[in-house]
Amino acid sequence: MTELSPLTFFPAIDVVGTFVFAISGTLTAADKKLDPFGASVIAFATALGGGTVRDLLLNLRPIWVQDERYLIAVFVAVVVAVVFRRQIGRLRRTMFLFDTVGIAIFTVLGMEKALRLGVPPLIALVMGVVSAVFGGVVRDILCNEIPLIFRREVYATACLAGGAAYLVMGLSPVGLGLRVWVAIGIIILIRVLAVKYRWAFPNLRPEQ
Amino acid sequence: MTELSPLTFFPAIDVVGTFVFAISGTLTAADKKLDPFGASVIAFATALGGGTVRDLLLNLRPIWVQDERYLIAVFVAVVVAVVFRRQIGRLRRTMFLFDTVGIAIFTVLGMEKALRLGVPPLIALVMGVVSAVFGGVVRDILCNEIPLIFRREVYATACLAGGAAYLVMGLSPVGLGLRVWVAIGIIILIRVLAVKYRWAFPNLRPEQ
Amino acid sequence: MTELSPLTFFPAIDVVGTFVFAISGTLTAADKKLDPFGASVIAFATALGGGTVRDLLLNLRPIWVQDERYLIAVFVAVVVAVVFRRQIGRLRRTMFLFDTVGIAIFTVLGMEKALRLGVPPLIALVMGVVSAVFGGVVRDILCNEIPLIFRREVYATACLAGGAAYLVMGLSPVGLGLRVWVAIGIIILIRVLAVKYRWAFPNLRPEQ
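Residue numbers (the UniProt record's numbering), protein chains in the order written: chain A, 1 to 208; chain B, 1 to 208; chain C, 1 to 208.
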């Protein structure tokens with residue numbers, strides 16, 4: 001199992017992750033009273049915004065520009081989210097787990113992509129976190145709100161911790177497969193514990 | 001006439017479209033009490049933001065970075081809009097028609113550009129719509145508002161319908177010139193009818 | 001001294017400028033009650049956002065993606081700003097001078113970079129101004145405010161004036177070193193005078 005990397009499953013997992021993030025984006029858009037076109041844009045931004053920002057910074061054409069499956073996944077997600085809104089509302093716990101697994105995988109995938117392009121490790125870590133969390137930032141900007149992750153969640157920090165572990169393990173003889181599993185596990189664990197025990201960083205306050 | 005494509009006129013039409021969009025952007029900025037510098041940035045974003053986002057996604061250098069005429073068109077538009085504000089206020093109907101013709105042409109032009117770069121048809125459609133409507137999105141983000149098109153207008157849908165017709169006709173033996181005219185005609189027709197009869201999609205609402 | 005261009009010092013000055021801008025970004029974030037992660041993102045956007053937007057428009061990979069020193073400068077600045085907040089609050093005048101020198105240098109550096117890539121002079125001027133002021137724009141968008149420079153400051157205009165002087169001197173036999181010093185001097189002078197004498201453009205107002 002050590003040699004069986006989750007990287008092998010990424011193509012499908014990537015599209016599934018896009019689908020799940022797009023559902024969560026559509027639900028946000030519904031709260032904002034947007035029309036179906038607006039909801040689709042928000043869903044798209046939530047699902048693919050992080051990877052798009054990362055690819056623009058790496059001077060690459062984003063993957064969804066080449067491959068129509070991502071766009072189709074978003075479109076199907078919007079329809080499913082609008083039709084089954086009531087049922088999905090009851091699945092918040094499941095949605096949360098999907099989302100958590102999603103950011104864990106996107107972090108590692110984004111880091112690996114940057115590392116393979118010769119980007120220095122510290123920047124690759126940033127690229128991984130950007131892949132995972134910037135979709136939500138773009139969504140909040142489009143919805144005219146201060147991005148949620150700047151204020152409340154240990155969201156990005158979980159990705160940073162898992163990503164840092166991934167880099168440190170890279171200095172040791174640990175195999176790629178194990179590194180990926182451990183990094184993903186750390187991200188999921190921190191996020192789940194953070195929500196369960198309401199971990200939060202104190203906000204910075206202006207000096208009185 | 002079937003063979004005389006509007007594509008032939010694009011170089012000039014493109015700059016004229018930039019000019020008209022920049023005037024509408026300046027008027028928006030005046031409503032926000034921005035200073036002349038702010039108004040120029042808003043005018044620029046309104047006129048060239050859509051094409052810029054499209055070109056960044058296609059990993060190209062935006063056209064206005066190479067060709068100064070676009071920037072000059074924006075600058076002249078800002079001056080004209082500030083000086084002749086009162087008169088332009090009375091020309092709302094004419095402005096609306098110019099704007100409508102502009103988004104129709106930008107949609108087709110953006111799609112063709114993407115298709116020629118080997119982008120899949122569905123994504124090329126998105127690129128066409130982005131070219132036409134994202135200038136307004138960037139403008140609204142800079143002015144700190146939820147983008148208008150996410151809430152009220154059939155604007156983007158008209159572009160989508162015309163663009164889809166353009167793609168479908170491409171599967172038939174219809175000539176390029178006719179395809180372009182029909183697609184532009186569909187976009188203008190839907191937009192004019194939508195405003196005349198106040199078509200609007202219902203907003204999504206959160207489940208009560 | 002004419003031949004000794006400040007360009008020679010740019011590598012270090014660039015990192016120092018990043019550090020100073022990042023401190024000012026962190027202080028803004030503290031006013032917004034963001035958590036440390038949010039503050040770091042805002043500091044990063046303030047310090048490196050302008051150069052990043054410029055490089056994306058020029059279709060380049062931003063410099064901080066290749067060189068970890070910029071990221072480290074931002075991180076150190078965030079720590080310093082949080083720890084020494086009270087002391088920095090008393091250094092507003094010094095911070096203002098650092099900031100002014102920073103935008104002056106970033107303007108000239110951004111222009112030179114664009115000119116060397118064959119961008120036309122007028123666009124290169126825009127790229128210089130974007131390098132200097134768009135970090136603040138990105139910061140304000142992330143903090144959900146109408147960008148400050150659109151409303152109040154002669155900030156961007158100082159950069160435009162200095163940059164234009166730089167271009168005009170380029171048509172004369174003035175040496176590169178002198179051109180750089182004069183352009184930087186003009187920017188600093190206008191900005192200092194503007195703040196001292198409260199220069200401001202009148203805002204545009206909607207027609208009554």
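Do not rely on the hints blindly, as some may be mistaken.
Quick list of the computed label-pair ranges, beta carbon to beta carbon [to be verified]:
#, chain 1, residue 1, chain 2, residue 2, range
1, C, V76, A, R198, 23 to 33 Å
2, C, R90, A, V15, 29 to 39 Å
3, A, F75, B, L117, 14 to 24 Å
4, B, D67, C, R86, 26 to 36 Å
5, B, G170, C, V15, 45 to 55 Å
6, B, A12, C, V76, 51 to 61 Å
7, B, D31, C, R92, 40 to 50 Å
8, C, R90, A, V80, 53 to 63 Å
Derived by calculation from the structure, the hints in this document are not laboratory data.
In this text the structure is predicted, and so the values were computed from the model without any measurement.
Every residue gets a Cβ at the ideal spot worked out from N, C-alpha and C, and that includes glycine.
Here's how the hints hold up against the structure:
For the hinted restraint 23 to 33 Å between V76 (chain C) and R198 (chain A), the CB-CB distance of approximately 30 Å keeps it satisfied. Distance hint for R90 (chain C) and V15 (chain A): a CB-CB separation of about 54 Å, inconsistent with the stated range 29 to 39 Å. For the pair F75 (chain A) and L117 (chain B), the supplied restraint of 14 to 24 Å holds, since their beta-carbon distance comes to about 22 Å. Taking the beta carbon of each, D67 (chain B) and R86 (chain C) are about 51 Å apart, not inside 26 to 36 Å as hinted.
A beta carbon spacing of about 52 Å between G170 (chain B) and V15 (chain C) agrees with the range 45 to 55 Å that was offered as a hint. For A12 (chain B) and V76 (chain C), the hinted distance range of 51 to 61 Å is satisfied, since their beta carbons lie about 52 Å from each other. For the hinted restraint 40 to 50 Å between D31 (chain B) and R92 (chain C), the CB-CB distance of approximately 33 Å leaves it violated. Under the hint 53 to 63 Å, the C-beta atoms of R90 (chain C) and V80 (chain A), about 57 Å apart, fit the expected range.
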